[in-house]
Structures are given as C-alpha cells and as structure tokens.
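Visitor: Sequence:
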Amino acid sequence: MMRILTLTLLALVIPALASADAEGAQRFIEKNHDNVSKLLAKPSSPPRDEALTKALHAFLDYDAIAKASLGDEWASKSEAQRSEFTNLLKRLVERSYTSNMQRTLKFKVRFLGAEPAGDDFVVKTEARDTKNRRAPPVLIDYRVREIDGNYRVVDIITDGVSLVDNYRRQFTRTIKREGWASLIEKMNRRLESGDETD
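If you read the sequence shown in our numbering, its first letter stands for residue 2, the second for the next number, and so on.
Every clue listed holds true.
Per label pair, the in silico range of CB-to-CB distance: (1) P47 with A118: 37 to 45 Å; (2) E127 with N189: 29 to 37 Å; (3) K78 with L113: 31 to 39 Å; (4) R178 with Q82: 15 to 23 Å; (5) S97 with A118: 18 to 26 Å.
Hints were generated in silico from the structure; no laboratory data involved.
Beta carbons are placed, not taken as given, at the ideal position from N, Cα and C, and that holds for glycine.
Build out the structure end to end from the sequences listed, making use of the hints.
Guide: What follows is the structure, given as structure tokens:
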C-alpha cells in the first residue's frame with residue numbers, strides 16, 4: 002500500500018516539477034532576451050559593449066556550445082587546444098548572435114512556451130517583422146540547460162537550423178580535410194575579416 006502511495010505521489014509531483022522547470026527556462030529566455038535587446042538598442046560604446054559581453058556570458062554556455070560543436074574531436078584535444086578553440090568560438094558566437102539580434106531588434110517577439118527535450122528544455126519563440134506583415138516569422142528555439150542551479154543556452158535553432166549542428170559540420174569537414182591547425186587558422190581569419198561563412 003505504501004509503495005502504491007509513493008508511486009502515486011511521484012506521478013503527481015514529477016510533472017509539476019517539469020512544468021515549473023519549463024516555466025523557469027522560459028522566464029530565463031524572456032529576461033535575458035529583453036536585457037540584450039535593451040543593450041543593443043543603445044549606441045555602441047566601451048561601457049555598453051562590456052555590459053553586452055557580460056550579458057551574453059550569463060546567457061550562453063560557451064563551454065557546452067564549444068564541446069558540442071567539436072563533436073567526437075573534443076576528446077582527442079589537449080586542454081590548451083580546447084581552451085584556444087573555445088575562446089575563438091566564443092567570439093564567433095557572440096558576434097553571430099549579436100548580429101542576428103540586431104537584424105530583428107524591431108521585430109515583435111512572441112514567447113511560445115517551453116517543452117522538455119531530454120535533460121534540457123526548448124523554449125520556442127517567433128520574431129515577426131512589424132513593417133512587413135506578409136513576411137513569415139523567424140522561428141527561434143533556444144535549447145536551455147540547468148547547470149548548477151543556473152539556466153544557460155546550449156544551442157539556438159533558427160528556422161530549423163541548429164547553430165551547434167551547423168558549426169559541427171563545418172568544423173568536422175575542415176579537420177578531416179585540412180587538419181586542426183587549418184581550423185584554428187580559419188576561425189582566426191573569420192574573426193579578422195568579419196565573415197560568418199566557412
């Protein structure tokens with residue numbers, strides 16, 4: 002009887018906890034999206050840029066994004082190689098996300114809820130151009146993970162295209178064809194040139 006009661010209570014409690022976590026993940030996205038948007042609306046200046054970098058660091062889990070983007074190659078790399086790669090990727094992701102946010106800064110963003118995805122949550126949003134109502138909305142999903150009691154974004158899926166998967170394909174192709182040193186060189190060139198493509 003006690004076992005049945007325990008199982009019944011667990012059946013009631015677990016969905017409630019999952020729902021609360023999903024709501025927390027969405028609130029995290031709403032709060033940080035609003036914060037980044039307000040910073041981007043200000044003219045660029047050293048104080049604003051520093052605040053933006055800090056805001057994005059609190060929003061995006063660069064370590065998780067780097068590890069997932071490198072895929073199977075991560076395990077074979079030294080700490081120094083991982084650190085160099087992560088620092089370069091951090092700058093690329095920061096620039097890419099900032100650029101995308103600026104393009105949709107005056108779009109109307111709707112938060113469409115969150116749902117479990119394994120150990121993570123996916124927060125669904127859509128951004129609609131208020132000047133061109135016929136244009137389809139941009140669908141942006143944030144994959145959110147709770148780490149040490151704090152939420153962080155570990156992937157961004159824009160119109161069905163995963164940031165992590167896209168990077169992984171590019172990086173894997175470069176490593177297999179040209180080697181690790183070539184990948185690092187290409188990442189540095191991207192940062193120097195402002196180019197987002199491979």
